[in-house]
Amino acid sequence: MRKESAGAASLTDERPMPGTKKVGDGAPRASSPATPRPTRKTADWRKRLEITILSGPAIIVFVSFVILPVILAAYYGFFRWKGYGPATDFVGWGNYFIIFADSAFHEVVLHNGIIVVLSLVFQLPVAIFLALLLNQKIRGRSLIRVLIFVPYIISEVIVGIGWGLMLQTNGAVNDLLAAVGLGAFRADWLSDPKIAIWSLMVIITWKYVGFAVILFLAGLQSIPEELFEAASIDGATYWQVQRHITLPLLGPTLRIWAFLSIIGSLQLFDLVFIIWGQYVASTAGTSTMATYMVANGRTSGNFGYGSAVAVVMFLISLVIALTYQRFVLRRDTAGALTERQK
Amino acid sequence: MSTMTSVRPMLEEELPEVRGTRERQKWGNPVTYFIAFLFIALSLGPVLYIVTGGFRDNSQITSSPAGFPTPWRFDNYLNVLSSATFWQQIGNSAIVGLTTTIGVVVLGVMVSFVLARYHFQGRAAMYSLFAAGLMFPMTVAITPLYILVKDLGLMNSLAGVILPQIAFGLPVTVIILVPFLKAIPDEIEEAASIDGASRLGFFFRMVVPLSIPGVVTTGILAFVASWNSYLLPLFILSDQSTYTLPLGVQAFASQYSVDTASVLAFTSLSMIPALIFFTLFERRIVGGLTGAVKG
Numbered sequence: 006m007r008k009e010s011a012g013a014a015s016l017t018d019e020r021p022m023p024g025t026k027k028v029g030d031g032a033p034r035a036s037s038p039a040t041p042r043p044t045r046k047t048a049d050w051r052k053r054l055e056i057t058i059l060s061g062p063a064i065i066v067f068v069s070f071v072i073l074p075v076i077l078a079a080y081y082g083f084f085r086w087k088g089y090g091p092a093t094d095f096v097g098w099g100n101y102f103i104i105f106a107d108s109a110f111h112e113v114v115l116h117n118g119i120i121v122v123l124s125l126v127f128q129l130p131v132a133i134f135l136a137l138l139l140n141q142k143i144r145g146r147s148l149i150r151v152l153i154f155v156p157y158i159i160s161e162v163i164v165g166i167g168w169g170l171m172l173q174t175n176g177a178v179n180d181l182l183a184a185v186g187l188g189a190f191r192a193d194w195l196s197d198p199k200i201a202i203w204s205l206m207v208i209i210t211w212k213y214v215g216f217a218v219i220l221f222l223a224g225l226q227s228i229p230e231e232l233f234e235a236a237s238i239d240g241a242t243y244w245q246v247q248r249h250i251t252l253p254l255l256g257p258t259l260r261i262w263a264f265l266s267i268i269g270s271l272q273l274f275d276l277v278f279i280i281w282g283q284y285v286a287s288t289a290g291t292s293t294m295a296t297y298m299v300a301n302g303r304t305s306g307n308f309g310y311g312s313a314v315a316v317v318m319f320l321i322s323l324v325i326a327l328t329y330q331r332f333v334l335r336r337d338t339a340g341a342l343t344e345r346q347k
Numbered sequence: 538m539s540t541m542t543s544v545r546p547m548l549e550e551e552l553p554e555v556r557g558t559r560e561r562q563k564w565g566n567p568v569t570y571f572i573a574f575l576f577i578a579l580s581l582g583p584v585l586y587i588v589t590g591g592f593r594d595n596s597q598i599t600s601s602p603a604g605f606p607t608p609w610r611f612d613n614y615l616n617v618l619s620s621a622t623f624w625q626q627i628g629n630s631a632i633v634g635l636t637t638t639i640g641v642v643v644l645g646v647m648v649s650f651v652l653a654r655y656h657f658q659g660r661a662a663m664y665s666l667f668a669a670g671l672m673f674p675m676t677v678a679i680t681p682l683y684i685l686v687k688d689l690g691l692m693n694s695l696a697g698v699i700l701p702q703i704a705f706g707l708p709v710t711v712i713i714l715v716p717f718l719k720a721i722p723d724e725i726e727e728a729a730s731i732d733g734a735s736r737l738g739f740f741f742r743m744v745v746p747l748s749i750p751g752v753v754t755t756g757i758l759a760f761v762a763s764w765n766s767y768l769l770p771l772f773i774l775s776d777q778s779t780y781t782l783p784l785g786v787q788a789f790a791s792q793y794s795v796d797t798a799s800v801l802a803f804t805s806l807s808m809i810p811a812l813i814f815f816t817l818f819e820r821r822i823v824g825g826l827t828g829a830v831k832g
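Same order as they appear, the protein sequences are chains A and B.
The working numbering numbers the first residue of the first sequence as 6 and each following residue consecutively.
The working numbering numbers the first residue of the second sequence as 538 and each following residue consecutively.
Worth flagging that the hints you see were computed from the coordinates, not collected in a lab.
Here the structure is a predicted model, which is why all the values come from computation and not from measurement.
Errors might be hidden in some of the hints.
What the hints assert, rightly or not - No farther apart than 27 Å at their CA atoms in a straight line, the calculated lysine-lysine pairs in the DSSO-like style are these:
{"id": "1", "chain 1": "A", "residue 1": "K142", "chain 2": "A", "residue 2": "K212"}
{"id": "2", "chain 1": "B", "residue 1": "K719", "chain 2": "A", "residue 2": "K87"}
{"id": "3", "chain 1": "A", "residue 1": "K212", "chain 2": "A", "residue 2": "K199"}
{"id": "4", "chain 1": "A", "residue 1": "K46", "chain 2": "B", "residue 2": "K687"}
{"id": "5", "chain 1": "A", "residue 1": "K52", "chain 2": "B", "residue 2": "K719"}
As the list claims (entries may be wrong) - Chain B side only, calculated, beta carbon under 7 Å to chain A, not exhaustive:
{"id": "6", "residue": "A603"}
{"id": "7", "residue": "F650"}
{"id": "8", "residue": "F673"}
{"id": "9", "residue": "P701"}
{"id": "10", "residue": "A704"}
{"id": "11", "residue": "G733"}
{"id": "12", "residue": "V753"}
{"id": "13", "residue": "T779"}
{"id": "14", "residue": "P810"}
{"id": "15", "residue": "A811"}
{"id": "16", "residue": "E819"}
As the list claims (entries may be wrong) - Among the chain B residues that face chain A by a calculated CB cut under 8 Å, a handful are:
{"id": "17", "residue": "I572"}
{"id": "18", "residue": "F657"}
{"id": "19", "residue": "L685"}
{"id": "20", "residue": "Q777"}
{"id": "21", "residue": "Q787"}
{"id": "22", "residue": "S807"}
{"id": "23", "residue": "F815"}
Ideal Cβ positions, reconstructed from N, Cα and C, are used throughout, including at glycine.
The task is simple: from the sequences and hints, build the whole structure.
See the structure below:
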């Protein structure tokens, strides 16, 4: 794809990259100094060489460690394979039949679904509320912003261990409840299957809501001040302004945040794996597609099966991501993630 | 504007909060401060639990799990600080983090320069290839990635973690840097060309210095991601001496699960590097994250 002649390329390449002015339709770029007229041919060669040298290493690393593994997963998914030697025991769609028939897999998909929905439902109102609050001109705003962001910067392992200790049966949370006279609400936060997923949601909200607040604040600050001035001249109340100006103009930010949140929820692994380990998660009702993949793939040595689970997980994520982009994000990200769209 | 430039780096002057205006701010509504204080307490509570827990001993923790240290004990922290394992894991994490960051930045700037300033057939496809990488989270590719790294003979070596991390860091870097490099005016490139600089000379003398702000943002994102990364090291590193900090913390927590106070001390010490890093570069991190996904 990089072998075309440069002259033809600059004529045909008329799709703008994000954030640029479009240079006249198909017109040769007058401002391209790297193709001086007299030595056109050497310049072409030189340009191709430069492109190859500059982009080669990144493409090689990216294709080998991102694209190739995904293709390999699709290949190994058709084999019963223990991870060493060549894969010879071809089972066709066998692994996939097992996945779709396995009630444990149905459960993890359900858990992921719950996590996707509850992440949005829990974090969205809290984050909007906090962002509106912090968008006022108050003192110490940047300090508050930093402190709310701290949980996001701490690694999942630390969050998992800390919350795991706090929520265990004789842990700090139950102790605190008893101390303030709410001893009746003491519970097995992590092991009771009725409660565990809610505990997980609290931890997820605690860890990631700061990220949403930061994003929303940035979105709020890109809204032109004049709109608020005009509204206040027209006598709009604070809530009317938020309802009819702020929230609609925050739309693009909210939609992109929701996208990131959904994809993140579908891939959730670290927190569950650290708090519940590889076996307890399923009995506590917090196992996810990723922990299922690790437990039934690498841990049990069935790499063919693990690869097939990875493929299913990837396809579920991809379908959701593409659907979301097609129907929700399209107007926001035209030119960003979807440059191929014409 | 928000449709076309949805992804672009946030420049320093665009960062929220203009310092000069702060003097004129009024104190505002006390209810606002109360609610903000409440949320800060919720955010920091668990962190404080971990940190203060390290200053207690196990009998204190057992008798009153949510209490404060009485008296303050320092030996948990001192034990961790004097253990070779802890420092080795910090060292491993630092090596992995720095090499990943350098790799992501160097390869990322090079390929972003091509995508931003060369015109050739297939450029859009190449951009889409990297942008599509955002759809391939490491979780999905981990099983075959593990096999690939094993086939390359890189198991239990830090390189086996670094190379995939560079690859998975590239999409975000490209998405942030390409618009950044495009924003360098054509006139500068023309002037450089008139002065006799080749395109590569322009790259090294003009593009690299001018792209420093965007590079710093992507570098920080890559470093923090690498510092906190758990899944990939979990698969690749099984030899204790190669453990990075997250693996080390997890191993320590399961090995000494009865010694809660030590676990809390170890955990809070391993939190410090990331927190220092965050305080130093807070503006950049926040600016980078918001710039990367700004609507």
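Against the structure, the hints:
Between A/K142 and A/K212 the alpha-carbon distance is near 26 Å, which keeps this suggested pair within the 27 Å criterion. Pair hint B/K719 plus A/K87 does not hold up; C-alpha atoms about 48 Å apart against a cutoff of 27 Å. Restraint check: the Cα-Cα separation between A/K212 and A/K199 comes to about 22 Å, which is no more than 27 Å; the hinted pair holds. Among the hinted pairs, A/K46 with B/K687 is inconsistent with the structure: their alpha-carbon atoms are about 45 Å apart, more than 27 Å.
Taking the CA atoms of A/K52 and B/K719, the gap is near 18 Å; set against the 27 Å cutoff, the hint holds. Below 7 Å, beta-carbon pairs count as interface contacts, and B/A603 has one with chain A at about 4 Å; its hint therefore holds. At its closest, the beta carbon of B/F650 sits 6 Å from a beta carbon of chain A; the interface hint therefore holds under the 7 Å criterion. Because the closest C-beta pair between B/F673 and chain A is about 5 Å apart, less than 7 Å, the hint holds.
The closest approach between the C-beta of B/P701 and any C-beta of chain A is roughly 4 Å, which is under the 7 Å cut-off, so the hint is satisfied. Satisfaction of the interface hint for B/A704 is found here, the shortest Cβ-Cβ separation to chain A being roughly 3 Å, below the 7 Å cut-off. Evaluation of the B/G733 hint against chain A yields a violated restraint, the C-beta minimum of about 11 Å exceeding 7 Å. The beta carbon of B/V753 comes no nearer than 17 Å to any beta carbon in chain A, farther than 7 Å, and the hint placing it at the interface is violated.
Evaluation of the B/T779 hint against chain A yields a violated restraint, the C-beta minimum of about 16 Å exceeding 7 Å. The closest approach between the C-beta of B/P810 and any C-beta of chain A is roughly 10 Å, which is over the 7 Å cut-off, so the hint fails. For B/A811, the suggested interface contact is upheld, since its CB lies about 6 Å from the closest CB of chain A, less than 7 Å. Taking 7 Å as the C-beta cut-off, the interface hint given for B/E819 holds, the closest approach to chain A being about 5 Å.
Evaluation of the B/I572 hint against chain A yields a held restraint, the C-beta minimum of about 6 Å falling below 8 Å. At its closest, the beta carbon of B/F657 sits 4 Å from a beta carbon of chain A; the interface hint therefore holds under the 8 Å criterion. Because the smallest distance between the Cβ of B/L685 and any Cβ of chain A comes to about 6 Å, under 8 Å, the interface hint for this residue holds. With 8 Å as the threshold, the beta carbon of B/Q777 stays out of range of chain A, its nearest partner Cβ sitting at about 16 Å, so the hint is violated.
For B/Q787, the suggested interface contact is upheld, since its CB lies about 5 Å from the closest CB of chain A, less than 8 Å. Hint status for B/S807: holds, given a least beta-carbon distance of 7 Å to chain A, under 8 Å. Annotation: B/F815 was flagged as interfacial toward chain A, and the flag holds, the nearest CB pair being 5 Å apart, inside 8 Å.
When each numbered hint is compared with the structure, violations occur for hints 2, 4, 11, 12, 13, 14 and 20.
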